[in-house]
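In case you want the letters, here they are:
There are 2 protein chains.
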Amino acid sequence: MNVLWVFAHPEKESLGGSLFDDGVRFLGETGHDCQVSDLYAMKWKATVDREDFTEEPDGRLMVAHASGRAYESGTLSADIRAEQEKLEWADTVVFQFPLWWYGMPAILKGWFDRVFVKGFGYLVPDPEVEGRFLRYGEGKLQGKRALVLITSGSSEESLGPRGINGELDQILFALLHGTLFYAGMEVLPPLVVYRADWCTPQQYDETMARLRDQLTRIDEMDPLPYRLESGGDYDHLDGALRPEVASGRSGLTVHYLD
Amino acid sequence: MNVLWVFAHPEKESLGGSLFDDGVRFLGETGHDCQVSDLYAMKWKATVDREDFTEEPDGRLMVAHASGRAYESGTLSADIRAEQEKLEWADTVVFQFPLWWYGMPAILKGWFDRVFVKGFGYLVPDPEVEGRFLRYGEGKLQGKRALVLITSGSSEESLGPRGINGELDQILFALLHGTLFYAGMEVLPPLVVYRADWCTPQQYDETMARLRDQLTRIDEMDPLPYRLESGGDYDHLDGALRPEVASGRSGLTVHYLD
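If you're matching them up, the sequences are chains C and G in order. Under this note's numbering, the first residue of the first sequence carries the number 931, and numbering increases by one thereafter. Under this note's numbering, the first residue of the second sequence carries the number 931, and numbering increases by one thereafter.
Hints are computed from structural coordinates only; laboratory data are not their basis. Among the hints, erroneous ones may be present.
Identical copies look the same in the list; a pair holds intra-copy or inter-copy alike.
Said to hold, decoys possible - List of simulated lysine-lysine pairs, DSSO-like, C-alpha gap at most 27 Å:
1. Lys975 x Lys942
2. Lys975 x Lys1070
3. Lys1048 x Lys975
4. Lys1048 x Lys973
5. Lys1070 x Lys942
6. Lys1048 x Lys942
7. Lys1048 x Lys1074
Input sequences plus hints: build the corresponding full structure.
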């Protein structure tokens, strides 16, 4: 398979850097093709601004419109186009980062802000239905798999169902569901290294074994069972679950199939 | 009161820009002192890297340790120190941004990543208990109020309790609870402008009226009722809710007082 590995850590001499190096090496040794986006090494520009849209006229900048025009005309800045090409090439994308303030480092959030432009990440027209747009299970990245790999200083309990930091797949809902699944990807359960600052050599070996296993079986693993927008569970007018679906319930878990 | 207004929008000629201008003007007219951090205008550096810690020796960069040392010794880079001084001066902080991928623009995430350093935002020692750290309702920013002001293209229903995009205060849990409340702030319910791209002049006036009302009554408003870590509801060893609290429940809402 073709794997894109997006890595957002400021220090290669770290637990995260070792997992990245060993993971990429494993993919090569097992016959897979791998491209990497080492965002710090690339000095990735984190902030969306006018420079992303080189052909945009002066005057008021409307980011969605400007990005859509630049995407359609092939005039997005070269660094953004390169990332989009990698995504188109990939079957599987690994997103690896240290959990900072219970989310992505800014450099990775800015990768999504800049690469997932109108027409590519959102407002992707449905070729079959005029005026409809593909999202939440459909879109340009449909069928590709996403694996989120996280290192965190927190304990497993504190990121668990009743943990003070919030349950991990819920605090990452905007990424897992609102970004990756939104753009069409099949999203695997995150692979997490807890208490990363205290990782022993034995724990490192166990983590690498889990990572190798998941990379090997990635096509067989069950993605998070989010509901398709087009599956009939949502009201198309207001974007809420129909009353008869997950009846009487609310909160982020209603968006998982029962 | 002293208000810091942190604004993260790439275009001042926008709905968000108008709310920012009119909000800051209103504070001045009503006798409050206001400082602003207009992150795009400041060309705020979004990415944590070695340059933030000018005195750090070459070699392996460990962000938490390096930031803690630089904070203690007063050698954090000048732009970070200026933001920390504004926070110390403020009674109330407004965080205003367009909702991008159901979260903050990278430039604002990077403001938290860079400003909320070890010793200031996290791992703040409890002066009374050796080895204990202040967080989740206690900390350097304790007693200050945070108001999050968001413009979104989504409808209210789609960001509601059963909306496909996820309920807003839950998809922002990492910011509201995991960052602002973590650092000690009292967090008000977010003020949201839905379907921002279709805002009419009448809706704008209504939004400004709501904003003026909230700024006027900010000391009387009830913050989100998150549980204090020190309140006895959490197990100190593993950071999970005690079994008898919100018994049998899980998910982000267990962290709200009943």
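Status of the hints after comparison with the structure:
1. Lys975 x Lys942: both (19 Å within a copy, 21 Å between copies)
2. Lys975 x Lys1070: within (23 Å within a copy, 31 Å between copies)
3. Lys1048 x Lys975: Answer is both; intra-copy 19 Å and inter-copy 25 Å each pass.
4. Lys1048 x Lys973: both (24 Å within a copy, 24 Å between copies)
5. Lys1070 x Lys942: neither (32 Å within a copy, 31 Å between copies)
6. Lys1048 x Lys942: between (33 Å within a copy, 21 Å between copies)
7. Lys1048 x Lys1074: within (19 Å within a copy, 38 Å between copies)
Hint check: a violation occurs at hint 5 only; the rest are consistent with the structure.
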